[in-house]
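What follows is each chain in one-letter form.
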Amino acid sequence: MINKEFFFKGYKSILKHDSPAIALGCCFIAIGALLKNLGFNIQESIFSTMLTYALPGSLVMAESLLVGASLINIFLAVWFVNARLYPMAVSLFPLMMHESQPKWKYYFSCHFIAVSAWLIMKSNYKSIPKKQRIDYWIGIGSATWSIAVIGTFIGFFSSEYLNKDLMIGLAILNPIYFLCMMVGASKTIQVSLSVLLGLVLGPIFYFLTPEWSILLGGLVGGTIAYLIGELNVS
Amino acid sequence: MSANIVYAILVTSLATFLSRFLGAVSSEGIKETSKLFKWFNCLAYATLAALIARTIIFPVGVLIDASYLSRFAVVILSLIVFFISKKNYVYPTIFSAASMTILNNYF
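Quick note, the sequences are listed as chains A and B, same order.
The first sequence runs 1 to 234 under our numbering.
The second sequence runs 1 to 107 under our numbering.
Check the hints yourself; a few may be wrong.
Said to hold, decoys possible - List of simulated lysine-lysine pairs, PhoX-like, C-alpha gap at most 20 angstroms:
id	chain 1	residue 1	chain 2	residue 2
1	A	Lys187	B	Lys86
2	A	Lys105	A	Lys131
3	A	Lys164	A	Lys131
4	B	Lys31	A	Lys130
5	A	Lys187	A	Lys9
6	A	Lys126	A	Lys164
7	B	Lys35	A	Lys187
8	A	Lys4	A	Lys131
9	A	Lys16	B	Lys87
10	A	Lys12	A	Lys187
11	A	Lys122	B	Lys35
12	A	Lys9	A	Lys126
13	A	Lys126	B	Lys38
14	A	Lys16	B	Lys86
15	B	Lys31	A	Lys126
16	A	Lys187	B	Lys87
17	A	Lys164	A	Lys130
18	A	Lys12	A	Lys126
19	B	Lys87	A	Lys131
20	B	Lys38	A	Lys122
21	A	Lys4	A	Lys187
22	B	Lys31	A	Lys122
23	B	Lys38	A	Lys130
24	A	Lys103	A	Lys4
25	B	Lys31	A	Lys105
26	A	Lys126	A	Lys4
27	A	Lys16	A	Lys126
28	A	Lys122	A	Lys16
29	A	Lys122	A	Lys12
30	A	Lys187	B	Lys38
31	A	Lys9	A	Lys105
32	B	Lys87	A	Lys122
33	B	Lys31	A	Lys103
Everything labelled a hint here was simulated from the structure, so no lab data went into it.
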């Protein structure tokens, strides 16, 4: 089963001084308030965060419900926005694969793939033995997931106290936190270029095709960064 | 619970889980030292960066009501705080929320 020592080591990673707990919690407070304003009840709000656990996807769902979009439109819109989770999973799971670990752990824990948990794992995996990395990852994922659920709960019940200016303040918090984490993670030429090109190309592609801009920005920017990095090495 | 909302939540979670699950399944044969892994690593960082840029420049939700000037000012000032605080993640994050709330009143 799950190694408790490494599970709790992962779980406690959100208690560190530079943990994403505050940023993540505040963002889900904003989501909880938004869902309440949209007419969700508390069960639906919590259910949504537990099952989706992806901030941009939840926002897109909320916006789509507001304009009365069909279920297939919601599916496609969310899938486009959250397709980033695919390369994130492929660039994380090989670091945790171990033949002695059962497959269900990987399939179950892929639900925890989200920017905050992914960035924590990426910066800490080297200090964890490969066999136990999956348990450590499940610990990190459970912790960030719990914060998301608690944040939604707080946001739902405090929505009437959150005015528009406060909501805007909460909304900027998450991209700033992620931006700082990405700048902090830019230690190799490939990662630095990937971040830089993604930041520039994402908005440029938005003018051509808003739906595909994130994926195209990532694909083109990431591929150029990879090729330059490889050329630099050789 | 309203059926519409429940269906929307289920469809949203299915669309989200699909990318995660496919990623987990297709990463089984990839070694962490392979070129394919390095390429996917670059794709992941670039895609996240594109998402962050889009969230700030073309936001969805309440952030759309904040002016471009205030958004850019908060990003620049928060990055300065990040470097001044020796790459601490919490100070610029809290600073960004406070400054955005204040700036939004004036711009």
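Query raised in the report: Under the criterion that the straight-line Cα-Cα distance not exceed 20 angstroms, is the pair Lys164/A, Lys131/A satisfied?
Result: violated (47 angstroms)
Report task. Take a quick look at whether Lys187/A and Lys86/B sit within 20 angstroms of each other, Cα to Cα. Result -> Holds, because 15 angstroms separates the two Cα atoms, which is no more than 20 angstroms.
Requested in this report: Assess, step by step, whether the Cα of Lys31/B is no farther than 20 angstroms from the Cα of Lys105/A, and give holds or violated.
Outcome: holds (18 angstroms)
Query raised in the report: CA of Lys4/A to CA of Lys187/A, is that 20 angstroms or under?
Result: Distance ~32 angstroms between Lys4/A and Lys187/A Cα, so the pair is violated.
Requested in this report: Could you grab the alpha-carbon distance between Lys105/A and Lys131/A and see if it respects the 20 angstroms cut-off?
Outcome: holds (12 angstroms)
Query raised in the report: Is Lys31/B within 20 angstroms of Lys126/A, Cα to Cα?
Result: holds (15 angstroms)
Requested in this report: Quickly compare the C-alpha distance for Lys12/A and Lys126/A to 20 angstroms and report which way the hint goes.
Outcome: The hint holds at about 17 angstroms.
Query raised in the report: Between Lys187/A and Lys9/A, does the CA-CA distance stay at or below 20 angstroms?
Result: At roughly 25 angstroms apart (the allowed maximum being 20 angstroms), Lys9/A and Lys187/A break the hint.
Query raised in the report: When you check the alpha-carbon spacing of Lys126/A and Lys4/A, does it fall within 20 angstroms?
Result: Answer holds: Lys126/A to Lys4/A is near 19 angstroms, not above 20 angstroms.
Query raised in the report: Is it true that the CA of Lys103/A sits at most 20 angstroms from the CA of Lys4/A?
Result: holds (18 angstroms)
Query raised in the report: Are the Cα atoms of Lys122/A and Lys12/A separated by 20 angstroms or less?
Result: Status holds; Cα separation ~16 angstroms.
Query raised in the report: Does Lys87/B pair with Lys122/A here, judged by a C-alpha cut-off of 20 angstroms?
Result: holds (17 angstroms)
Hints 3, 5, 6, 10, 17, 19 and 21 from the earlier list are contradicted by this structure; the remaining hints agree with it.
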